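K.L.:
Here are the chains, one letter per residue:
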Amino acid sequence: MEWFVAKVFAKYNYWVFIILMMIGLYGIIAKNNLIKKIIGLNIFQTAIFLYFISLGAVKGGTAPIVSEEMIQKGYVYVNPLPHVLILTAIVVSVATTAVALSLVIRMHHEYGSIEESDIIEKSKDQGMT
Amino acid sequence: MIYFVEHFPVLVVVISILSAITILIAGWIHRKTAWFISMATLLGQFIASLFILRHVLTVGTIRYRLGGWVPPWGIEYVMDALNAYILVILLFLALVCVIYSKKNIEHELPQKVVSFYTVYQLLITGLCGITVTGDIFNMYVFIEITSLSAYTLIASRGKIALKASFTYLVLGSIGACFFLLGIGFLYAVTGSLNMHDLSILLPPFYKNRVVMAGFAFIIVGLSIKMALFPLHTWLPDAHAFAPAEISAMLSGIIIEVSSYAFIRVAFSVFTVHFLKLLPIFDILCWVAGVAIIAGSVLAITQVNLKRMLAYSSVANMGYIMLAVGLSTSVMEAPWNGLTPALMHILNHALMKGCLFLAAGAFIYKADLWLIKDFRGLGKRMPYTSAAFVLAAISMIGVPPSVGFVSKLYIILAAIEAKKIIFVAVLLLSSLLNLVYFWRVIETMYMKRAEGGDPSHSTLISKDEAPFWMLAPILTLASLCIVMGVLWLAKIPMPILDQVNSLFGLSKMP
Numbered sequence: 339m340e341w342f343v344a345k346v347f348a349k350y351n352y353w354v355f356i357i358l359m360m361i362g363l364y365g366i367i368a369k370n371n372l373i374k375k376i377i378g379l380n381i382f383q384t385a386i387f388l389y390f391i392s393l394g395a396v397k398g399g400t401a402p403i404v405s406e407e408m409i410q411k412g413y414v415y416v417n418p419l420p421h422v423l424i425l426t427a428i429v430v431s432v433a434t435t436a437v438a439l440s441l442v443i444r445m446h447h448e449y450g451s452i453e454e455s456d457i458i459e460k461s462k463d464q465g466m467t
Numbered sequence: 016m017i018y019f020v021e022h023f024p025v026l027v028v029v030i031s032i033l034s035a036i037t038i039l040i041a042g043w044i045h046r047k048t049a050w051f052i053s054m055a056t057l058l059g060q061f062i063a064s065l066f067i068l069r070h071v072l073t074v075g076t077i078r079y080r081l082g083g084w085v086p087p088w089g090i091e092y093v094m095d096a097l098n099a100y101i102l103v104i105l106l107f108l109a110l111v112c113v114i115y116s117k118k119n120i121e122h123e124l125p126q127k128v129v130s131f132y133t134v135y136q137l138l139i140t141g142l143c144g145i146t147v148t149g150d151i152f153n154m155y156v157f158i159e160i161t162s163l164s165a166y167t168l169i170a171s172r173g174k175i176a177l178k179a180s181f182t183y184l185v186l187g188s189i190g191a192c193f194f195l196l197g198i199g200f201l202y203a204v205t206g207s208l209n210m211h212d213l214s215i216l217l218p219p220f221y222k223n224r225v226v227m228a229g230f231a232f233i234i235v236g237l238s239i240k241m242a243l244f245p246l247h248t249w250l251p252d253a254h255a256f257a258p259a260e261i262s263a264m265l266s267g268i269i270i271e272v273s274s275y276a277f278i279r280v281a282f283s284v285f286t287v288h289f290l291k292l293l294p295i296f297d298i299l300c301w302v303a304g305v306a307i308i309a310g311s312v313l314a315i316t317q318v319n320l321k322r323m324l325a326y327s328s329v330a331n332m333g334y335i336m337l338a339v340g341l342s343t344s345v346m347e348a349p350w351n352g353l354t355p356a357l358m359h360i361l362n363h364a365l366m367k368g369c370l371f372l373a374a375g376a377f378i379y380k381a382d383l384w385l386i387k388d389f390r391g392l393g394k395r396m397p398y399t400s401a402a403f404v405l406a407a408i409s410m411i412g413v414p415p416s417v418g419f420v421s422k423l424y425i426i427l428a429a430i431e432a433k434k435i436i437f438v439a440v441l442l443l444s445s446l447l448n449l450v451y452f453w454r455v456i457e458t459m460y461m462k463r464a465e466g467g468d469p470s471h472s473t474l475i476s477k478d479e480a481p482f483w484m485l486a487p488i489l490t491l492a493s494l495c496i497v498m499g500v501l502w503l504a505k506i507p508m509p510i511l512d513q514v515n516s517l518f519g520l521s522k523m524p
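Sequences listed follow chains A and B, in order. For the first sequence, counting from 1, position 30 maps to 368 in the working numbering; every step adds exactly one. For the second sequence, counting from 1, position 426 maps to 441 in the working numbering; every step adds exactly one.
This is chain B alone, in the form it adopts within the complex:
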């Protein structure tokens, strides 16, 4: 029995790329239409992704053969619980960012509205493609589509952003080439590119040097793409000087979809058996531990708010990779396997999305970039500041926020894996988080505005961001708490349990 939903994986990608062309043509006639088309497409994609998730959970994995060609010869799109979950997160944040961009892009890039939305849709195409594909070479092509659109979007503000974008381009291309070379090594051994087919053909060759080298190239390539310390050097500038919604997408989605690609290659192409053969994940844990501390310390030294948030993203990629590194040695429910990692992917998208959008609102209203200029902002923009504080305390890990839940789960997993040192790393990083976020909160609320005398500060008039920017910020901020409660009530857990049983990471067969 063929369900109509089974066509959705390919439609999500195709609609997005058609919409990019439509925006270009319609925007040429009337530039106000660009936002509406982009928004309508994303809304459609988001609803489609919810249907896909429901179908995957109730009926089972969707396999879509492109052009009717039978895999492993044809390209196949595969939707299981893992990528259906990622697709929902990705399209949700993309939708929120596009709503936010209505006012912000008219303000920041008044001449480039149409081209912005065209490239934005191409970015979404690439991200959806990475998520839905079941073919490893196809994944490389989509990674490059994503990266190329990201380079142009980062550069769109001109000046210093150009340099940031160029650095990202050079490093990103090297990363993608390493990924391609890794694919080449796997192809040389097996003669296949389909992920499912590879996972069947590879086991006899697990001890083969070429396969190991291929895996190493893929890990390093994707680590550049996801800015894992010490390969993060492109990230701070790129995040700091992009338009606000692109910063939020970069930090909340693009680097996390790269970490999804890593999880997919590690667990679907290679399997848990291969990962246990070599001490890969132990090394990954240590690298991630260093990333957490280094990212947090570097964040403390920043004076520019968006750069500070960017370094905080480096630390958060460390959390995700630490959770991935622990996943093969933890079997006890409910923090078994990939659960903490996938949890933090969603949580980080919500928190960092909210923080970057709030930082964008400060820039939109008052052109404030540096933390020391934030005096009196709590009175001037009360709602945006409140949302910022909510997301910030969530990053620090105050219960029942999302940040608390993911830290709790990672700590419990580290205890079960008997790696107590990482418990210390996480607690220390929470402290460091507190240091750098408290500095911002203190400046916003406690320090007096220019002029110094206390009666003066009450005179600051309220000057809030427009509704179209405020609504997304407040939505994300409230979700930071709501999702935390939902996680504690274990409502979304069936999705993650299904992922774990898919990869053989749970106790039950």
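Next comes chain A alone, as it looks inside the complex:
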């Protein structure tokens, strides 16, 4: 039991990120609806963001505004760099989602459906494959 607690609960942030990542991957693979696939992709990306953010966390840490007085009082700071990296990655993820959604809208105009199997069925009629 102690082993279990030490392995699982002490590092729960990693477990959460792995579980979320797998949920996302399942959504991408198993869902037929393209919007649901995009949601799966978002969960997948968010899991990685959570991993990065939890990397920067320090127990009892405060916001990283460094001043001599605070250091003398014995305050510790969280690491701000992973947060900054993830801000960039979030922007990338938003852009990806925007492109994906616009593709789905175009496909809906073209095929009248957002179910993947329908679209494959209808695109077969156009030949070329």
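Bear in mind the hints are in silico, worked out from the structure with no lab data behind them. No experiment lies behind these values; they were computed from the predicted model shown. Some clues are possibly wrong.
Residues on chain A that point at chain B, a partial pick, calculated with CB under 8 Å [as the list claims (entries may be wrong)]:
#1 370
#2 386
#3 427
#4 437
#5 439
Where is the CB? At the ideal position from N, CA and C, for every residue including glycine.
We have chain A; now place chain B onto it with these hints.
P.N.:
Using the frame of chain A, we list chain B on its own:
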């Protein structure tokens, strides 16, 4: 002493992104300007890249600190022989494709000329960024810029291309996320993102599970991006239904810049010592061997020319990765280390660029997609067909073409590494190449045009592609032979030797 050339790495990226905005504004006023701005920018970038290459070879590595921040805190752009060489190839093919696109885009996407060139410049920005950067997180951001512009460009023709683009988007995002996760693991261990700094901090942790997992995530992520079999499933549709110049860029540059990213991470962040610790490169050789055979066999089954070429690209990524896989065990000049891999990156860009642009010309003139419709094309479009044949025999590996040289070098490297099985794989794949290209050549030249009787076929009037499309195709086709002769004369070898000595892959210290 500060040379002006040392500012070029950052200028190449900045000029490109500014030009994207300029095209958008200027194109809004007058849409004919889009092509001129794009072309002028690329010409400038190409000349700058030549200066960078000369500087790197004569003076040494360029290190540019962005905003004056000292690495490892600031982002650093590093130009050594490897990325200067890749940058020249990438900008050359981009320039050729933009010249080709003048007529083709007006024909294929008449309503979207301005947005096409805007996104095209963003694509070039991303590709240049991946190449010049010395910071691994920065590389991730540029990979995503490249991919996002590639998704939109692939989708630009609408209809079935939308589905292809969506598949690429989902798989590409997963690949990029794996890459990001790998970076996260390395960051968790070392607390640094600068490639040079990482290579200093990592050696004590080489046996660490987190570092190994990080490397595995980076390999898999980049393998999706470079369409290494069996992660290639997005590639055939995306290549087949994009506009011709984008197919050429995808096949000739985008997947190869991803393989550059792989080489950079494997040899600059991790080092040869780490790669020898685990049987990574042996596995890579086998995967690449399967990719070569599977890609070639799948290419034979295709009826659509551009899909056939796309599967051939899968096989060619196999060649490059096989050469990379052999690189750590081969020390004998002149086929030592990364030489065959880097050679094939250039050669594949030339051959596949030419083939895709020629296929685009067939579609432009006659809307021909399927190989069986190519009857009599040799008479109808003699120059384009001749260029296609030249590039095709180069793919098969007829001396002294570029395809022959790279196959020869990979075979010699495989013999030295005592992996005779890969010699057999390469010879078999040459045979398979012959099968699928001969089918096209036979249909173009030997089979009679519709109607059947032989006197009829002489009546086909010549209907050649316009000059702006023909010139790039013929340039690439002739380069397929010229470069082959240059390789045999070993003229570009000093560049590759410098890369090998940089990564400790040559005999001499």
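K.L.:
Hint check: is the beta carbon of residue 386 of chain A less than 8 Å from a beta carbon of chain B?
P.N.:
Result: holds, 5 Å to nearest chain B Cβ.
K.L.:
Against chain B, run the beta carbon of residue 437 of chain A and see if the smallest gap drops under 8 Å.
P.N.:
The hint holds - residue 437 of chain A has a Cβ within 8 Å of chain B, the shortest such distance being about 5 Å.
K.L.:
Grab the minimum C-beta distance from residue 427 of chain A to chain B and call the hint holds if it beats 8 Å, violated otherwise.
P.N.:
With Cβ-Cβ at 6 Å, under 8 Å, it holds.
K.L.:
Would you settle whether the hint for residue 439 of chain A is holds or violated, based on the nearest Cβ-Cβ distance to chain B being less than 8 Å?
P.N.:
Status violated, d = 10 Å.
K.L.:
Taking the least C-beta to C-beta distance, is residue 370 of chain A closer than 8 Å to chain B?
P.N.:
Violated, because the Cβ-Cβ distance from residue 370 of chain A to chain B comes to roughly 13 Å (cut-off 8 Å).
In this structure, the hints that do not hold are numbers 1, 5, in rising order.
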